[in-house]
Amino acid sequence: MTDLNPRKLLLNAYVYAVLFFILAPIVVILPMAFSETDYLTFPPEGFTFDWFGAFFGNSRWMKATTFSLQIAVLTAITTCVIATMSTYALMRGAGRLGALFQGLLIAPIVVPHIALAVALYLFFRQTGLSSTITGYVLAHSVIAMPFAVFTIAAALSSVDATLEDAAMSCGASRFAAFRLVTLPIILPNVLSGGLFAFILSFDEPVISFFLAGIRDKTLPRMMFDDIEQNLTPIIPAIAVLLTGISIFVLVAAALLRRMADSRRTVSPEA
Amino acid sequence: MVEERRVAGTTAGAAPGAEISIRGLDKSFGTLKAVDDVSIEIPSGEFLALLGPSGSGKSTVLMMMAGFEVPTGGQILIDGQDCTRLPPQKRNIGMVFQHYSLFPHMTVLDNVAFPLKMRGVGRAERRRRAGQALEVVRLSGYGDRMPAQMSGGQRQRVALARAIVYEPRLLLMDEPLSALDKNLREEMQLEIKRLHVELGITVVFVTHDQGEALTMADRIAILRGGQIQQISPARELYERPANLFAAGFIGEMNMIPANWDGSCLMLGQGERILPPESAFVSQPVQGSTTLAIRPERLGVVPAGTPGAVRANLTEIVYAGAGTLIIARLDDGTEVRARVPSAGLPPLSAGERIGLTLPPEAMLVYGEIAA
Numbered sequence: 001m002t003d004l005n006p007r008k009l010l011l012n013a014y015v016y017a018v019l020f021f022i023l024a025p026i027v028v029i030l031p032m033a034f035s036e037t038d039y040l041t042f043p044p045e046g047f048t049f050d051w052f053g054a055f056f057g058n059s060r061w062m063k064a065t066t067f068s069l070q071i072a073v074l075t076a077i078t079t080c081v082i083a084t085m086s087t088y089a090l091m092r093g094a095g096r097l098g099a100l101f102q103g104l105l106i107a108p109i110v111v112p113h114i115a116l117a118v119a120l121y122l123f124f125r126q127t128g129l130s131s132t133i134t135g136y137v138l139a140h141s142v143i144a145m146p147f148a149v150f151t152i153a154a155a156l157s158s159v160d161a162t163l164e165d166a167a168m169s170c171g172a173s174r175f176a177a178f179r180l181v182t183l184p185i186i187l188p189n190v191l192s193g194g195l196f197a198f199i200l201s202f203d204e205p206v207i208s209f210f211l212a213g214i215r216d217k218t219l220p221r222m223m224f225d226d227i228e229q230n231l232t233p234i235i236p237a238i239a240v241l242l243t244g245i246s247i248f249v250l251v252a253a254a255l256l257r258r259m260a261d262s263r264r265t266v267s268p269e270a
Numbered sequence: 001m002v003e004e005r006r007v008a009g010t011t012a013g014a015a016p017g018a019e020i021s022i023r024g025l026d027k028s029f030g031t032l033k034a035v036d037d038v039s040i041e042i043p044s045g046e047f048l049a050l051l052g053p054s055g056s057g058k059s060t061v062l063m064m065m066a067g068f069e070v071p072t073g074g075q076i077l078i079d080g081q082d083c084t085r086l087p088p089q090k091r092n093i094g095m096v097f098q099h100y101s102l103f104p105h106m107t108v109l110d111n112v113a114f115p116l117k118m119r120g121v122g123r124a125e126r127r128r129r130a131g132q133a134l135e136v137v138r139l140s141g142y143g144d145r146m147p148a149q150m151s152g153g154q155r156q157r158v159a160l161a162r163a164i165v166y167e168p169r170l171l172l173m174d175e176p177l178s179a180l181d182k183n184l185r186e187e188m189q190l191e192i193k194r195l196h197v198e199l200g201i202t203v204v205f206v207t208h209d210q211g212e213a214l215t216m217a218d219r220i221a222i223l224r225g226g227q228i229q230q231i232s233p234a235r236e237l238y239e240r241p242a243n244l245f246a247a248g249f250i251g252e253m254n255m256i257p258a259n260w261d262g263s264c265l266m267l268g269q270g271e272r273i274l275p276p277e278s279a280f281v282s283q284p285v286q287g288s289t290t291l292a293i294r295p296e297r298l299g300v301v302p303a304g305t306p307g308a309v310r311a312n313l314t315e316i317v318y319a320g321a322g323t324l325i326i327a328r329l330d331d332g333t334e335v336r337a338r339v340p341s342a343g344l345p346p347l348s349a350g351e352r353i354g355l356t357l358p359p360e361a362m363l364v365y366g367e368i369a370a
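So the sequence lines, in the order shown, correspond to chains A and B.
1 is the number of the first residue of the first sequence in the numbering used here; add one for each residue after it.
1 is the number of the first residue of the second sequence in the numbering used here; add one for each residue after it.
Worth flagging that the hints you see were computed from the coordinates, not collected in a lab.
Note that the coordinates shown come from a computational prediction; the quantities given were computed from them, not determined experimentally.
By construction, the Cβ of each residue, glycine as well, lies at the ideal position given by its N, Cα and C atoms.
A couple of the hints might just be wrong.
Unchecked claim - Pairs of lysine to aspartate or glutamate residues, derived as EDC-like cross-links and limited to a Cα-Cα distance of at most 20 Å, are as follows:
no., chain 1, residue 1, chain 2, residue 2
1, B, Lys90, A, Asp165
2, B, Lys117, A, Asp165
3, B, Lys117, A, Glu45
4, B, Lys90, A, Glu164
Claimed, not checked - To give a feel for the contact side, a few chain A residues facing chain B, derived at Cβ under 7 Å:
no., residue
5, Thr41
6, Pro44
7, Met168
8, Ser169
What the hints assert, rightly or not - Ranges between beta-carbon positions, derived for each pair:
no., chain 1, residue 1, chain 2, residue 2, range
9, B, Gly24, A, Ile133, 55 to 63 Å
10, A, Pro184, B, Val70, 47 to 55 Å
11, B, Pro257, A, Met91, 28 to 36 Å
12, A, Arg92, B, Arg85, 54 to 62 Å
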């Protein structure tokens, strides 16, 4: 309506400026991956896929990638399961500690990751979880939990609670009612939460920095080391791959949520 | 087909409807007593309506019968078996919810077949019986649709089909028609009634709509504040309400304050009325009582007619076949009469008239109207 409103124009300009400053470095770094030089340069000189080859051909990089993938997949699964259970308990349960529990689940969004990292470092060193897959998965799940909880809560709030009563009156046990009725309806959001968790875990640097041992390093941790030591275009090459994966996963998550919305179009009154 | 279904059912030979015995049922939420010492005996095959204003505890009683609420006291027996603490999925009860509660991610056929799936019935048999149940609610051919593609009335039929598909002996309905518009509601009332007759199962139906209760139920239980006020067939409920609440809750009722002196009733304006013995619903002690009479039982006569109660005519509402006469007694009590328009003398507001009270229509309560 008020497209010519100067305040709105100014706001739009501001938003685009912010986006530009955030995205410009990415736009700059990505082409560097194809440079024929063995140092970083912009604009890139020549064009080659050699640095991708170097990445895939190097066993240390591959080991770190596999390690990160393992952690990310396990984090995604753990987060899905725990977030679904917690959100269900929060929204359908009658517990008196609901508010406290919700606070605990969501706190990792507020607490700086560095503080969490230090705390986990001290705790894991005592319990022998440092630089183990279990340690990483636990730490990353804690970080990913709020995002998954929000995604699942959005779905669960639109599912009529009497659906499970109806299922039980049809002879389903309480768990069967959840598994056959509620879960299928919210499943796209659960999976979307899992994908978020995967991405968060896969390129999480701060906690990995503290938990990493000498041998088992995650991909972001390896990248740090490489930046400090040689800084070749292998780094932008990995950045290209990570960006691609992130975009793919986030688009998948968005599609899943859209699918979920269309599944839940039956409002009880309509 | 119905006969065949009954024989094929799990309860071959027995009556298709469950016998329910509710004994001294209590339910408290904190300090609030939602249900207070409710006892109802429901014979096999009866259609019972639980009627009451919101907060009367009618839904809580139903939820306890279904197993979603655990009573704080009392017992619920279904066919002699104590079900008070049995979880809902073990009660073999069909239930229809207020907002249908169809599973939105399943087709209509899968919705209806769900209870059979839970009972381990094979896929082919499931589809056959679900199709049959859809036929009973006149929705054959709709099996492949999703609930979102159905209208409100159709969804309620699907919910009904899902509730009866495994041939339960008891069907519970929680205000199932309140979300439908008036025409659809009346159509569904007849539909449910037809199903009840056809299947012969016991039905307990919660509603706050007295018309619905009168139309559908064999007996009606009126609840207020968690307590049963009266359980009677529709006609008795209307013609002889057990107390003033029931009297006022069902239909229109004139409630005239009067004084009982042990032998006759004295109205505020001095007329003496001698009600027959049968008019005393509750035996009044000497003092304040209430004389109740339905508006359509009153007659309008010229003022001064012997035996008639004097009143001031305040309003005449002509409505074709009938006319509503609104009059006031000298003590301010409003009295309404619904009389046939034919043969009514010309009347105008402000006129003195006489009201005749046929003795057989009088009801006397030993309580004062609120």
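Here's how the hints hold up against the structure:
1. Lys90(B) - Asp165(A): 13 Å, holds
2. Lys117(B) - Asp165(A): 16 Å, holds
3. Lys117(B) - Glu45(A): 66 Å, violated
4. Lys90(B) - Glu164(A): Holds, at about 15 Å.
5. Thr41: 54 Å, violated
6. Pro44: 50 Å, violated
7. Met168: 4 Å, holds
8. Ser169: Status holds, d = 4 Å.
9. Gly24(B) - Ile133(A): 55 to 63 Å: 60 Å, holds
10. Pro184(A) - Val70(B): 47 to 55 Å: 29 Å, violated
11. Pro257(B) - Met91(A): 28 to 36 Å: Since the Cβ atoms of Pro257(B) and Met91(A) sit about 53 Å apart, the hinted range of 28 to 36 Å is violated.
12. Arg92(A) - Arg85(B): 54 to 62 Å: 21 Å, violated
Hints 3, 5, 6, 10, 11 and 12 from the list above are not met by this structure, while the remaining hints are.
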